[in-house]
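Colleague: Listed here are the chains, written in short residue letters.
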Amino acid sequence: MAAESVDGGFAMTGPLAWLLKWARKNSLWPMPLGLSCCAIEMMATLGPRFDLSRFGMEVARFSPRQSDVMIVAGTVTWKMASVVRRIYDQMPNPKYVVSMGVCASSGGIYQNYAVLQGVDRIIPVDVYTMGCPPRPDTLINALLLVQKKIDEGTTHAHGNPQPAVVGLEAAT
Amino acid sequence: MVLVKDRKLSFGERCYVKSIVAGLLYTFSNLFKRKVTRCYPEQKLAPGPSFHGVPVLVKDADGHPKCVACGLCEYVCPSRAIRIVATETERPIERMPKTFEINMLRCIECGYCEEACPEEAIVMSQQYELVASSRGEMRWDLNRLLTAEAALGPRLGYIRKTFHRFQADPRAEGTARAVPGKGGTGAGKPGASQASALARYRDGY
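Chains as they are written, first to last, in our numbering: chain P, 324 to 495; chain E, 4 to 208.
Just chain P, with the same shape it has in the complex:
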């Protein structure tokens, strides 16, 4: 259980690091950032039929200070963009982001001046999800991928650099 200083913090190795990873992986508390219709499917995911609590993720409260994974569910307009960023900044580290649905992932059908063409323009996204809206199954699949990435240490929260975000790219 060696501890060394990295950027003013402590990097833990050995059994403690494994334990931390295991704990983080199995208690991902979501921050349900429901911005439009995808939020309905997100609520269905939390309901008894799909039951997100099977994975320790049922604690969906609108409190960024107590959450680990932000589910951006819906169309992010430019007006909402600063709010999304502020909520992300309020979340404690380590934090993960799931971009749920095509609107959050790339702007989707809304290719216009009002809508942010992908939430990864403002926050680092770990998992992108297809669908308009995605089925609850797809959201669960995305959260399972977040778990897998935490296990592998490949999330952005693990110090992996955010891929370069291109400017106002062409249509797709």
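Calculated from the structure, these hints are not laboratory results.
Since the structure is predicted, the reported quantities are computational estimates derived from the model, not experimental observations.
The C-beta atom is built at its ideal place from N, Cα and C for all residues, glycine as well.
Heads up, some of the hints might be wrong.
What the hints assert, rightly or not - Going by beta-carbon spacing under 8 angstroms, a handful of chain E positions derived as facing chain P:
1. 39
2. 40
3. 41
4. 42
5. 49
6. 82
7. 96
8. 98
9. 99
10. 106
11. 107
12. 112
13. 132
14. 133
15. 135
Based on these hints, arrange chain E on the given structure of chain P.
Modeller: Then chain E, alone, in the frame of chain P:
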């Protein structure tokens, strides 16, 4: 104006004992009811033929795309997820896509491409759970889109029935449908009105 007077609660009611017990009994009774949870990664949804998954391209028996790169799907796509570059080919269809790219992070699975396609070359698959770590992975190229026709059988059958395509005489098929309806062609009969609605739909096209 109606004055509402609160009923005076009895001692038992004020203690909430009855309510607490009733609530707990309801919770307890749910233990014995049928379970509704579907355990997703183990129990997956089995989509029917009307399901809209992501669109894929149909591969013919020789392994070539059936697509003739007419660009109708590209044109009709509301989220502009499709990009096609056409080229010529020696095969009888003369045209084929050089590159065919669908951005699955744009696609809203509306099925307009499938409906617009004159060659039955792009159909909705049953894949609905795509997730990725980067946007590039969700941009499917021709190789990834090509799917064997056999794998898309139920959906192809469904769209042939729905769009009345590739049939000798769609109007004759429509009347054949109306006859085994609930006797006659009365205006109030649901079968008849459905058939006439279908006929009107086809006339509109």
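Colleague: With reference to the structure, classify each hint as holding or not holding.
Modeller: Here is what the structure says about each hint:
1. 39: 5 angstroms, holds
2. 40: With a minimum Cβ separation of about 5 angstroms from chain P (threshold 8 angstroms), the hint on residue 40 of chain E holds.
3. 41: 6 angstroms, holds
4. 42: 7 angstroms, holds
5. 49: Check failed: Cβ of residue 49 of chain E comes no nearer than 12 angstroms to chain P, outside 8 angstroms.
6. 82: 4 angstroms, holds
7. 96: Status violated, d = 26 angstroms.
8. 98: 22 angstroms, violated
9. 99: For residue 99 of chain E, the interface hint is violated, since the closest Cβ of chain P sits about 21 angstroms away, which is over 8 angstroms.
10. 106: 4 angstroms, holds
11. 107: 5 angstroms, holds
12. 112: 6 angstroms, holds
13. 132: 5 angstroms, holds
14. 133: At 4 angstroms from the nearest chain P Cβ, residue 133 of chain E passes the 8 angstroms test, so the hint holds.
15. 135: Check passed: Cβ of residue 135 of chain E comes within 5 angstroms of chain P, closer than 8 angstroms.
The structure is inconsistent with the numbered hints 5, 7, 8 and 9, although it conforms to all the rest.
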